[in-house]
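A.B. asks: Same order as they appear, the protein sequences are chains A and B.
Here my numbering is used: the first residue of the first sequence is 71, the next is one more, and so on.
Here my numbering is used: the first residue of the second sequence is 71, the next is one more, and so on.
Take these hints with a grain of salt, some might be off.
[Stated by the list, open to error] Reference excerpt, derived from the structure (chain A facing chain B, CB under 8 Å, subset only): (1) Gly-140; (2) Gly-143; (3) Thr-147; (4) Leu-173; (5) Tyr-175; (6) Tyr-222; (7) His-224; (8) Thr-232.
[Stated by the list, open to error] Here chain B is said to cover these stretches of chain A; the calculated rule only asks that three of the stretch's residues, wherever they fall, bring their Cβ under 8 Å from a Cβ of chain B: (9) 257-271; (10) 294-301.
[Said to hold, decoys possible] Straight-line C-alpha distance at most 25 Å; calculated DMTMM-like pairs for lysine to aspartate or glutamate: (11) A:Lys-280 to B:Asp-179; (12) B:Lys-213 to A:Glu-199; (13) A:Lys-167 to B:Asp-164; (14) A:Lys-167 to B:Asp-179.
Source of the hints: derived by calculation from the structure; they are not laboratory data.
Beta carbons are placed, not taken as given, at the ideal position from N, Cα and C, and that holds for glycine.
Protein chains: 2
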Amino acid sequence: MEGKVTILGCGSAMPTWQNSPSGQVLELCDKSFLIDCGEGVQIAMRRLGVRTAHLYSVFISHLHGDHCFGLIGLISTFGMMHRTQPLHIYAHADLEKLLRPWLEYHCADLTYEVIFHAINPRKKAVIYEDRTISVETVPLKHKVPTCGFLFYEHHRRQDAQTGEFFYETTKRYAYCSDTMYNERMVEQLEGVKTLYHEATYIDEHLTRCKGTMHSTARQAAMIASRAQAGQLIIGHFSARVDDHELFLNEAQEVFAATVLAEEGKTISI
Amino acid sequence: MEGKVTILGCGSAMPTWQNSPSGQVLELCDKSFLIDCGEGVQIAMRRLGVRTAHLYSVFISHLHGDHCFGLIGLISTFGMMHRTQPLHIYAHADLEKLLRPWLEYHCADLTYEVIFHAINPRKKAVIYEDRTISVETVPLKHKVPTCGFLFYEHHRRQDAQTGEFFYETTKRYAYCSDTMYNERMVEQLEGVKTLYHEATYIDEHLTRCKGTMHSTARQAAMIASRAQAGQLIIGHFSARVDDHELFLNEAQEVFAATVLAEEGKTISI
């Protein structure tokens with residue numbers, strides 16, 4: 071089945087002339103999933119003409135501002151678009167506490183329901199399931215409780231010889247941001263078709279990288295290599311590095327099948 | 071004295087491929103003032119290289135999301151930039167109530183102070199004064215309590231003949247958004263050098279314009295004409311009108327010295 075991810079923001083906390091905060095839309099099995107929603111994500115969606123009719127679920131990795139400050143604008147704009155389908159938000163429980171007063175003040179007349187699902191980022195668990203897709207949290211190591219998301223695809227197949235039905239399951243896409251280098255995630259990610267792993271820094275910032283609990287491009291590539299991923303997408307670039315090729319070159323030394331996240335880019339997964 | 075305004079967002083509530091929510095930086099007498107702060111304003115600042123070293127004051131016209139959702143990101147980013155100067159925010163008292171929990175959660179380690187000044191948008195009052203500039207609220211007519219801001223410039227002059235000192239006061243810049251057509255503001259604005267007046271719609275949307283308590287480009291021009299403004303800037307364009315020239319043409323039929331707000335554009339005032 072076709073699948074693709076569109077990058078809405080590939081920067082880290084500090085916006086730059088080329089990078090906005092985190093956000094991406096995953097399209098898989100005729101559904102859309104928004105992963106993280108930094109400031110400007112809904113604006114990028116409108117600029118890029120991203121269709122939101124089938125966007126029912128939003129997954130928020132953690133509550134640093136560059137991953138969630140865009141939610142209130144997104145929710146508000148969906149209301150102005152007369153959305154009727156509920157919007158499901160999967161995030162740490164604190165997000166609902168923070169957003170509710172804003173929703174009551176700014177979005178009192180919403181035409182649709184916003185449903186929060188509290189997740190525990192510290193624990194691996196299936197948090198979403200439909201007929202063809204399930205989503206599992208991937209506990210990450212960052213300054214605040216953070217998890218990635220692993221998207222499984224399930225298809226019912228029939229054995230040509232026995233005629234029996236069975237389910238074929240693919241680890242289709244994993245989103246791991248923000249996190250420091252953490253080999254413990256390798257087992258869970260093993261064999262994933264496409265891995266998005268943050269690469270905030272490059273080798274020369276290794277000390278800062280540890281201090282802020284982020285990863286270098288090389289470390290992202292090491293995870294992809296150990297997990298035998300089919301493809302690696304790197305993003306969440308620091309404002310300290312202007313030239314994205316430096317991230318790419320460093321990662322490709324370890325894992326050739328690496329591509330750069332870039333705003334507006336759609337990557338086949 | 072030189073003065074200029076840089077447009078960071080010129081759209082109305084619904085972002086489009088070309089317009090982001092409201093925000094502009096006014097530079098006057100070696101100071102910068104941010105007026106309104108919709109989502110993406112801090113990102114536009116970074117993209118355009120707007121200098122924020124002398125930005126001490128933010129004026130928020132009203133609490134619709136497209137005029138204030140960008141504040142939390144701005145405050146957070148200023149913290150990452152290790153700002154030390156306090157940031158003064160002039161807005162309806164509800165803004166502080168809404169923002170405080172976010173500041174405590176996301177910006178607990180700010181390197182500078184955020185100081186809220188509650189204003190009453192329904193009443194004309196001087197809310198800011200320094201050696202050369204004062205700012206007065208301009209009560210507007212909109213769905214929620216809203217005010218514009220009138221920037222006066224004061225310069226100490228010496229009479230060439232008598233040698234006496236006096237103050238020369240100029241109505242330098244007025245920002246009026248969002249508002250329906252309201253002749254009552256004309257007297258206060260009389261003789262202003264540059265007027266920014268919202269022009270959400272054009273003639274053909276007059277019914278919708280009244281219903282949403284906005285103005286057409288023609289109405290903005292009528293206010294500029296009656297106030298004998300030196301120049302009119304129109305913005306806050308509806309997503310319903312793709313071609314900005316339609317706003318410009320309509321306004322210029324009434325008031326020739328009209329210019330379009332466009333994102334990234336700096337206009338001499």
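A.B. asks: For this structure, which hints from the list above don't hold up?
C.D. replies: 4, 6, 7, 8, 9, 10 and 12
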